[in-house]
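Fit chains P, Y and F to the given chain V structure using the hints.
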Amino acid sequence: MTIKIVETVFDPFFEIQNVQTQLALNGKFGATSIFIGTMRDFNEGDEVRAMTLEHYEGMTQKQLEKIMAIAKEKWGILDALIVHRVGDILPNEPIVVISVWSAHRADAFDACRYIMEELKSNAPFWKRETLISNQTRWVLKNTGGKN
Amino acid sequence: MTIKIVETVFDPFFEIQNVQTQLALNGKFGATSIFIGTMRDFNEGDEVRAMTLEHYEGMTQKQLEKIMAIAKEKWGILDALIVHRVGDILPNEPIVVISVWSAHRADAFDACRYIMEELKSNAPFWKRETLISNQTRWVLKNTGGKN
Amino acid sequence: MITITLRYFASLREQVGRSQETLTLANTLTVLDIWRHVHQVPLPENTLIAVNMEYVAKSHSVCDGDEVAFFPPVTGG
Amino acid sequence: MITITLRYFASLREQVGRSQETLTLANTLTVLDIWRHVHQVPLPENTLIAVNMEYVAKSHSVCDGDEVAFFPPVTGG
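So the sequences go chain by chain: V, P, Y and F.
All residue numbers for the first sequence refer to my numbering, where the first residue is 1 and numbers rise by one.
All residue numbers for the second sequence refer to my numbering, where the first residue is 148 and numbers rise by one.
All residue numbers for the third sequence refer to my numbering, where the first residue is 295 and numbers rise by one.
All residue numbers for the fourth sequence refer to my numbering, where the first residue is 372 and numbers rise by one.
So here's chain V without its partners, still in its complex pose (with noise of 0.2 Å):
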């Protein structure tokens, strides 16, 4: 299980990799489940040019290993990352990787939303826009992930 808070853009496909060429996976997940959040360039109708990302060292990191903690006691999972980006990121630029390895398919799936929907709500990072007049505004509130 790894997390990783970081400050400098990151490429999330090495990343995976990374994690997924450890001899000790070889032939024993059949799934990948993945997500990648990324930076756009418009927000609640308005172009925004660039945000910062601001969160509480410490707990983010206590945080995510709970709900890594959970989703690993919840679904068979024989590894998991979560990439977190924080500081001035730019339009394009990842925030946010997550990825599940398991046996089989639906466990992969059902924890990476699990953990992507936890982080969301549980995990203290604030997001700051500033939109292409120059204006700054906090974004207010994550809008809901489950149908």
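If you're looking for bench data, these hints aren't it; they were derived computationally from the structure.
Any given hint could be a false lead.
DSS-like, lysine-lysine: derived pairs with alpha carbons at most 27 Å apart [to be verified]:
1. V:Lys28 / P:Lys267
2. V:Lys74 / P:Lys267
3. V:Lys4 / P:Lys175
4. P:Lys221 / V:Lys141
5. P:Lys267 / V:Lys72
6. P:Lys175 / P:Lys151
7. P:Lys219 / P:Lys175
8. P:Lys175 / V:Lys120
9. V:Lys141 / P:Lys175
10. P:Lys221 / V:Lys120
11. P:Lys267 / Y:Lys352
12. Y:Lys352 / P:Lys209
13. P:Lys219 / V:Lys120
Chain Y stretches covered by chain P per the calculated footprint, using a threshold of three residues with CB under 8 Å from any CB of chain P [claimed, not checked]:
14. 295-309
15. 344-357
Heads up, the beta-carbon is just placed ideally off N, CA and C, and yes, glycines get one too.
Chains P, Y and F alone, transformed into the frame defined by chain V:
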């Protein structure tokens, strides 16, 4: 929308990035949901040495196009990719990758899972396993992926 | 006269002993009756049937030039 | 005597005008009463509260050495 049936080993991350670097998507997608199916070295309690994937050429493409079209009607999808392997496959090689890009995460999550389940149920592929004993057997049925 | 192509895949292809054959009929038949016309053994339960690469029911009747495929449950992904 | 650290994040940090302060109390208080003790304005609705980096209810009472954090709804991911 991209559908590929490939006869040799492919790199799922390369295929995904290949679609993603299309300029049209830049800054527009906030969510990417990816599923990768990888060959395991065990199935139904037996060690598996290799696998051969047969398919019904033409019908495969037709069914996958239909699945993609329905997913596009049901959810707000910006782009989607399916790559599926056929022929001789070894453990740890990717069998299938599905990637869905959308503005918001619920659409990507739902559509990716839908495409995978429909592919498992309707796309005319058949797996024949070669066990460690060199005995071969057809996989009889896909297991369920919904909870 | 109706000429159709029959195709078999995977384990069913191995059971039938061939992957493809051409059949000429005086009149249209359902896909189930085509199977009965050609094979001594009953159509295995769970067999899927496609005509021109689209799934059909056993009661579907063929047209001249159709490609009719019989195959076991699919196991891709 | 109970000494605690207060922390504020994001928009609440900007409203409060500082990110951190230390408070010494004669007796334990609930986290809600701590807010009232320090700030003139009522605790904004939807504010989340953590003690030692775990979420707590407004009625949670602090201990000596606790880190108490107040912040708006989280918006990561």
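Each hint tested on the structure:
{"no.": "1", "hint": "V:Lys28 / P:Lys267", "in the structure": "holds (20 Å)"}
{"no.": "2", "hint": "V:Lys74 / P:Lys267", "in the structure": "holds (24 Å)"}
{"no.": "3", "hint": "V:Lys4 / P:Lys175", "in the structure": "holds (25 Å)"}
{"no.": "4", "hint": "P:Lys221 / V:Lys141", "in the structure": "holds (26 Å)"}
{"no.": "5", "hint": "P:Lys267 / V:Lys72", "in the structure": "holds (26 Å)"}
{"no.": "6", "hint": "P:Lys175 / P:Lys151", "in the structure": "holds (24 Å)"}
{"no.": "7", "hint": "P:Lys219 / P:Lys175", "in the structure": "holds (16 Å)"}
{"no.": "8", "hint": "P:Lys175 / V:Lys120", "in the structure": "holds (20 Å)"}
{"no.": "9", "hint": "V:Lys141 / P:Lys175", "in the structure": "holds (20 Å)"}
{"no.": "10", "hint": "P:Lys221 / V:Lys120", "in the structure": "holds (24 Å)"}
{"no.": "11", "hint": "P:Lys267 / Y:Lys352", "in the structure": "holds (22 Å)"}
{"no.": "12", "hint": "Y:Lys352 / P:Lys209", "in the structure": "holds (21 Å)"}
{"no.": "13", "hint": "P:Lys219 / V:Lys120", "in the structure": "holds (26 Å)"}
{"no.": "14", "hint": "295-309", "in the structure": "holds (count 4)"}
{"no.": "15", "hint": "344-357", "in the structure": "holds (count 4)"}
Violated hints are absent here; each numbered hint is respected by the structure.
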